[in-house]
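K.L.:
Each chain, written out:
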Amino acid sequence: MKTFDLLHDPWPWYVVGPLMGATIPLLLFWGNRMLGASSSLKHLCALLPSKAEYFQYDVRNGYWNIAFSIGVCLGAAICFHYFYDTNQVTIASATVEDLQQLGLSDFSGMMPYEIFGISSFTETRYWLFTVVGGFLVGFGVRYAGGCTSGHGFMGLSLMSRASFLAILAFFGGGMFFTFFLLPYFLS
Amino acid sequence: MKNLKFLIIGMYFGVLIIKSEALSWFRIQEMFRLQSFHMYGIFGSAVLVGSITVFLIRKYQLRTFSGQDVILQRKPLQPTAHIIGGVLFGFGWVLTGLCVAPIFALVGTGYIAAAPILMSTLLGVYVYGQFRESLPH
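Chains P and V are the protein sequences, given in the same order. Position one of the first sequence corresponds to residue 1 (the working numbering), numbered consecutively onward. Position one of the second sequence corresponds to residue 188 (the working numbering), numbered consecutively onward.
Bear in mind the hints are in silico, worked out from the structure with no lab data behind them. As the structure is a computational prediction, the values presented were derived from the model and not from experiment. One should not assume that every hint holds.
[Unchecked claim] Only part of the chain P face toward chain V is listed, based on derived beta-carbon distances under 8 angstroms:
id : residue
1  : Ala37
2  : Leu47
3  : Tyr57
4  : Val59
5  : Gly174
6  : Pro183
7  : Leu186
[To be verified] Chain V stretches covered by chain P per the calculated footprint, using a threshold of three residues with CB under 8 angstroms from any CB of chain P:
id : stretch
8  : 237-248
9  : 274-286
10 : 297-311
Beta carbons are placed, not taken as given, at the ideal position from N, Cα and C, and that holds for glycine.
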């Protein structure tokens, strides 16, 4: 049995959860901004040509959020390459069994190689999971007015009714899809 | 350079996305199948820290490091948009195994699938912006 290596192992929820929550006071006290990630997508789109009213505003006010997102990308890059020595995410055995039933057999990496791997490039399934999935994330979060950071972490901390409703929809939609639609997408 | 601090805070958040494995497709499956407490524990404890922060700011009228009033604002309530948009996002969350910040994190890890995912996410936002006026909110 390998001993826990703080520097190179993933962290348990009770360590990483409060640290993630600490992003909220860090952003508020240091930058006077509320945590959110999906607005940066809106700002990036607002840099493109569009006549839509939704994108008519001074994007400079959103640069901070774009900087934050680039930071997420950089921080993840450094951590993943130097401080994460795990080949396979340890998930519940019940989940492994469920996913095996759905036809997956490779549980290494962050995402199933059988779906997202470069060799699946020519399969319809690859494009369903990446392009349709990505489109739904982008369209859905902006329609809902926020994502897991903005509605989830920040909105719930503010006890916002809008955020409670959005979170219920995120999880309701996710569970419905997992149990009733995912099997068709995986076959 | 006033945005440098946001880059640094983003890096902090990005490190934690890796250390929490919140960008793992497998972790998201485990979460939606209610087979592990991991993601819910992260979520709950993070919101607890956020709530205490908000409570203390309101109770003691705390100010920012530079002495300004802290701006705290709830998002406007748009039930139809939260429900339809939220459910669509839930579908996308299952397919990609990613919400928005983990998409940026995945770009950093170098997984090639991050490219089509990020591009189509931006396309989704752009299309939403174009058709916003004709959608129920």
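K.L.:
Out of the numbered hints, which ones does the structure contradict?
P.N.:
2, 3, 4, 6, 7
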